[in-house]
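Participant: Mapping of the sequence shown onto the working numbering: residues 17 to 157, in sequence order.
Don't read these hints as lab results, they were simulated from the structure.
Keeping only pairs whose Cα atoms sit at most 20 Å apart, straight-line, the calculated DMTMM-like set for lysine to aspartate or glutamate is:
#, residue 1, residue 2
1, Lys-108, Asp-40
2, Lys-116, Asp-40
3, Lys-29, Glu-69
4, Lys-116, Glu-132
5, Lys-93, Glu-82
6, Lys-29, Glu-81
7, Lys-74, Asp-49
8, Lys-116, Glu-33
9, Lys-74, Asp-30
10, Lys-93, Glu-33
11, Lys-74, Asp-53
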Amino acid sequence: MITNVSLVTVYCKDQDEARDFYVDVLGFVTRTDVTLDGYRWLTVGLPDRPELEITLMKPGPPLDEEGADFHRRQLDKGQAGGLGLAVDDCRKTYEELTAKGVTFLQEPAERPYGIEAVMRDNQGNWLVLVEPRRFTPEDFA
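Turn these sequences into a full structure, and let the hints guide you.
Facilitator: Encoded structure:
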């Protein structure tokens with residue numbers, strides 16, 4: 017039986033730059049950084065959440081060249097999908113990350129599910145910050 021999500025992939029073109037952003041700017045920690053047969057396995061995670069790792073992966077195998085090229089183009093355009101990140105205070109986190117030079121596509125805004133801001137990492141992935149609140153389907157009507 018599946019009990020949890022333990023690993024997600026975020027594509028990047030430069031693993032060192034991506035790691036530095038997630039560690040130095042967002043406060044993640046490096047979990048694994050090993051190279052075997054020319055392939056680098058690099059993961060980061062939140063310090064107090066060991067059950068989840070994010071793989072910072074360059075587009076390549078097991079993707080075929082067409083798939084890898086698609087991901088590189090999306091990163092170049094700043095249109096790659098990314099992560100939803102829960103925060104305690106979206107406006108405060110927005111201010112802190114803006115001061116660190118993070119590019120935001122959307123300032124904090126009220127939504128039926130909480131307060132949301134959309135930012136971009138330094139590789140072209142968009143990340144959503146959400147200060148969640150309880151909601152019902154009627155909140156969307």
